[in-house]
Amino acid sequence: MSVVSPSIVEHTDRGPLGRDEMARVLAGDIPPGAYVNLGIGQPTTVADHLPPESGVILHTENGMLGMGPAATGGAIDPDLINAGKFPVTELPGASYFHHADSFAMMRGGHLDLCVLGAYQVSASGDLANWHTGEPDAIPAVGGAMDLAVGAKQVFVMMSLFTRTGEPKLVKECTYPLTALRCVDRIYTDVATFEITGNQVVVRETWGISFSELCSRVDVPLEVGERHVH
Amino acid sequence: MSVVSPSIVEHTDRGPLGRDEMARVLAGDIPPGAYVNLGIGQPTTVADHLPPESGVILHTENGMLGMGPAATGGAIDPDLINAGKFPVTELPGASYFHHADSFAMMRGGHLDLCVLGAYQVSASGDLANWHTGEPDAIPAVGGAMDLAVGAKQVFVMMSLFTRTGEPKLVKECTYPLTALRCVDRIYTDVATFEITGNQVVVRETWGISFSELCSRVDVPLEVGERHVH
Amino acid sequence: MTLLCTSADEAVSGIADGSTVLVGGFGTAGMPFDLIDALIRQGARNLTVVSNNAGNADTGLAALLAAGQVSKIVCSFPRQTDSWVFDELYRGGKIELEVAPQGNLAERMRAAGAGIGGFYTRTGVGTLLAEGKETREIDGRTYVLELPIAADVALISAHTADTLGNLVYRKTARNFAPVMATAAATTVVQVRHVVEPGALDPEAVVTPGIYVDRIVRVPS
Amino acid sequence: MTLLCTSADEAVSGIADGSTVLVGGFGTAGMPFDLIDALIRQGARNLTVVSNNAGNADTGLAALLAAGQVSKIVCSFPRQTDSWVFDELYRGGKIELEVAPQGNLAERMRAAGAGIGGFYTRTGVGTLLAEGKETREIDGRTYVLELPIAADVALISAHTADTLGNLVYRKTARNFAPVMATAAATTVVQVRHVVEPGALDPEAVVTPGIYVDRIVRVPS
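Quick note, the sequences are listed as chains A, B, C and D, same order.
Using this note's numbering, the letters of the first sequence correspond one by one to residues 36 to 264.
Using this note's numbering, the letters of the second sequence correspond one by one to residues 36 to 264.
Using this note's numbering, the letters of the third sequence correspond one by one to residues 159 to 378.
Using this note's numbering, the letters of the fourth sequence correspond one by one to residues 159 to 378.
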């Protein structure tokens with residue numbers, strides 16, 4: 036016999052997650068030994084929370100597997116940078132390859148996971164993270180579209196609300212899309228979400244209750260179920 | 036002022052070329068420093084007539100540039116073979132690459148020249164060299180179709196007549212085709228031909244005169260012109 | 159995660175009947191003999207094998223064919239002086255044959271590994287091997303559409319692996335192996351040497367470990 | 159035949175107005191600064207440049223843009239904190255921009271080098287960057303048709319060349335260079351070291367000399 040119980044965890048005794056805490060929460064969900072690409076900007080900080088014993092191997096699209104931590108001081112080498120163009124280091128077991136091979140790896144579905152920032156994610160997992168759509172914006176896509184369609188799982192990391200309080204989890208993206216139905220999970224400062232089929236399931240909240248969250252996001256939210264034996 | 040004179044050379048004071056002589060004639064037409072693929076079988080023997088100072092670099096489609104002469108005795112290494120699966124050697128400056136890279140090199144138009152055998156070549160340069168078309172034949176194409184469309188120039192090396200005296204230079208191939216309009220030159224035991232546009236130009240003959248050649252081949256043959264200053 | 163197996167039998171375990179299996183090697187150079195022998199012992203049947211040739215003499219791929227485990231072979235060059243096992247099966251109607259130009263074989267596997275849904279090539283235009291395939295003019299030239307070859311399993315050999323699955327090869331034994339490693343759901347590699355991470359030059363790794371699922375060291 | 163040049167000026171000689179020029183580098187890693195400076199002195203105009211970025215700060219590709227020699231740039235990521243030269247030209251309507259996903263940029267150049275007339279990719283499906291492009295269902299998934307990017311010239315940098323043009327790179331400075339070398343009619347390389355044939359490990363050569371037309375050694 037099994038009992039079905041809600042699987043949500045609500046942390047209402049504290050405030051929202053800080054950026055570093057978000058990175059730690061996400062890092063904790065990365066399976067040991069996974070091949071992972073961390074997008075430029077905030078996702079890069081996830082690396083700081085992956086202990087060496089996790090065996091997670093980082094890919095950088097500019098041609099490397101086995102990327103190590105940021106390089107500092109005398110270890111800085113202009114020939115060894117990450118996708119954000121910051122100096123990094125090389126771990127034992129690293130390999131280098133050219134850009135077509137690097138993106139073949141990505142587009143061919145070999146990366147277990149990528150972590151990307153976002154302007155918006157839709158309830159069906161559409162991602163908008165490359166272009167504000169403003170008329171005078173200079174568009175720049177980099178590898179975002181390739182990562183979004185190529186990685187086996189796409190985790191998004193973002194604040195849930197804009198500075199003016201608009202939710203970034205939306206029914207339909209209003210920003211130009213990066214890829215359709217590609218996002219699997221969303222890690223935000225106030226909640227983590229799982230997109231399964233057409234459901235958006237809330238897994239955990241911080242500084243906000245599930246019911247308050249529902250009232251602030253214009254997308255139907257569900258609570259997952261857990262079978263307890 | 037320039038005088039136009041026929042550019043054909045007729046060697047009627049001797050018999051047809053032997054196989055080794057054919058290979059030497061062809062080798063003499065390979066430009067210094069060219070990147071060349073020699074097909075399996077008879078074309079392989081061309082290598083014996085390329086002196087090191089020619090700087091010709093041999094490609095073998097199973098993943099190598101800078102292939103050296105056949106390996107013998109203790110130099111035989113089962114990991115180092117040519118496309119015909121015979122042991123070969125490695126020259127200084129060689130490189131190894133995998134099959135997709137090897138065929139990208141070929142198909143992308145980077146080889147200056149390939150030399151292939153043939154069952155038939157048509158007057159417009161169609162090549163038939165992979166399949167007899169007989170109902171019980173086991174078809175086997177290897178890299179012939181890739182080489183024929185990919186190399187900048189395709190030289191064919193064959194006897195001009197079958198054992199029963201049928202010409203292999205034909206109006207239209209009756210054997211299944213390898214590629215359309217791909218052959219640039221044909222080196223045979225009795226004559227060398229150049230296919231330019233829709234003309235078949237005879238450059239040199241051995242043991243046969245131009246006029247006798249014309250009578251034995253059911254394709255209009257031309258004599259090239261040379262401008263003498 | 160790359161698993162270091164203790165035997166070739168462990169390395170090929172779980173290959174299901176009806177699988178598509180990529181088998182490395184050009185002739186016998188780079189052929190994963192130990193993995194094939196293990197696959198014969200393992201006994202999976204009704205396999206589709208993709209390999210450049212259709213077996214030489216009586217060992218390796220030829221032995222797998224002789225064991226009756228292969229219902230279809232996709233290759234570029236089945237007919238060889240020592241392909242008697244294949245020849246007899248083929249003439250007896252006991253094996254299906256798909257002949258593909260060698261470059262298409264390689265590029266179609268690369269496409270599968272690189273997320274390419276199809277590509278246009280000039281190879282084969284106007285020939286029997288393009289019959290029934292879509293053609294298209296691009297910039298005044300005719301091309302044929304070729305589709306990816308993806309597989310359940312790749313059986314390949316390499317010279318040295320580190321324990322993360324990074325591979326280097328030796329001379330022309332490299333041939334199809336790096337491409338096959340990218341095109342299969344599970345890539346199984348027999349190697350002569352296994353070393354610790356850091357022992358291979360990162361600039362010279364040919365197959366990054368991300369493509370490798372199982373490794374077994376075999377005596378050379 | 160690879161020509162060993164005595165100066166960067168000799169190496170870039172003959173580049174015509176209106177040429178399509180591939181420029182290696184990801185940001186400044188692997189950027190062929192000396193060749194770009196020589197191209198500025200050489201003065202070819204109305205160039206179409208294909209490069210991952212649109213120049214950083216005031217040197218390298220940014221200096222070429224500032225010199226007014228580039229009428230169009232094809233890249234994946236023009237907007238950077240230090241792309242002020244490009245930004246001003248773009249906002250002033252003085253340069254045309256084609257943004258392509260980074261993977262398409264790489265794969266389209268590979269296609270040009272590999273004789274592929276076009277390929278189907280899932281990247282960009284349903285986005286602005288696929289607008290007006292042909293799409294197609296293959297095995298139940300939607301793909302976009304992308305066409306090759308071939309060029310007149312590639313300007314790249316490498317770590318070491320032998321005199322036959324074989325190249326090895328260093329760490330992530332490799333990036334686009336090996337692909338660009340295959341896609342251009344003339345490939346020009348600046349290197350830190352030149353060695354004799356046989357000095358490079360044949361297993362570790364990344365760009366075989368067949369793709370290299372001109373080499374110039376520059377002080378590192």
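Worth flagging that the hints you see were computed from the coordinates, not collected in a lab.
All values derive from a computational prediction rather than experimental measurement.
Some clues are possibly wrong.
As the list claims (entries may be wrong) - Quick list of in silico lysine-lysine cross-link-like pairs, BS3-like style, CA-CA up to 27 angstroms:
id, chain 1, residue 1, chain 2, residue 2
1, A, K203, A, K187
2, B, K187, C, K291
3, D, K291, A, K120
Claimed, not checked - Restraint-style ranges between C-beta atoms, simulated for each label pair:
id, chain 1, residue 1, chain 2, residue 2, range
4, D, L286, A, T107, 49 to 57 angstroms
5, B, G68, A, T107, 23 to 31 angstroms
6, C, T217, B, S244, 52 to 60 angstroms
7, B, A110, C, P377, 17 to 25 angstroms
8, D, L286, C, E295, 52 to 60 angstroms
9, D, G356, C, P377, 28 to 36 angstroms
10, D, M159, B, P41, 56 to 64 angstroms
11, A, A110, B, G68, 55 to 63 angstroms
12, A, D55, D, R350, 50 to 58 angstroms
13, C, D245, B, G90, 15 to 23 angstroms
Said to hold, decoys possible - Sample of chain C residues with no beta-carbon within 10 angstroms of chain D, all distances over it, derived:
id, residue
14, T239
15, R249
16, E256
17, A269
18, T279
19, T281
20, L305
21, A357
22, A362
Glycine included, C-beta positions come from ideal geometry on N, C-alpha and C.
Evaluated hints:
no.	hint	result
1	A:K203 - A:K187	holds, 23 angstroms
2	B:K187 - C:K291	holds, 26 angstroms
3	D:K291 - A:K120	violated, 31 angstroms
4	D:L286 - A:T107: 49 to 57 angstroms	violated, 39 angstroms
5	B:G68 - A:T107: 23 to 31 angstroms	violated, 48 angstroms
6	C:T217 - B:S244: 52 to 60 angstroms	holds, 54 angstroms
7	B:A110 - C:P377: 17 to 25 angstroms	holds, 23 angstroms
8	D:L286 - C:E295: 52 to 60 angstroms	violated, 28 angstroms
9	D:G356 - C:P377: 28 to 36 angstroms	holds, 32 angstroms
10	D:M159 - B:P41: 56 to 64 angstroms	violated, 33 angstroms
11	A:A110 - B:G68: 55 to 63 angstroms	violated, 43 angstroms
12	A:D55 - D:R350: 50 to 58 angstroms	violated, 40 angstroms
13	C:D245 - B:G90: 15 to 23 angstroms	violated, 42 angstroms
14	T239	holds, 29 angstroms
15	R249	holds, 34 angstroms
16	E256	holds, 18 angstroms
17	A269	violated, 7 angstroms
18	T279	violated, 6 angstroms
19	T281	violated, 8 angstroms
20	L305	violated, 7 angstroms
21	A357	holds, 15 angstroms
22	A362	violated, 4 angstroms
Checked against the numbered hints above, the structure violates hints 3, 4, 5, 8, 10, 11, 12, 13, 17, 18, 19, 20, 22; every other hint is satisfied.
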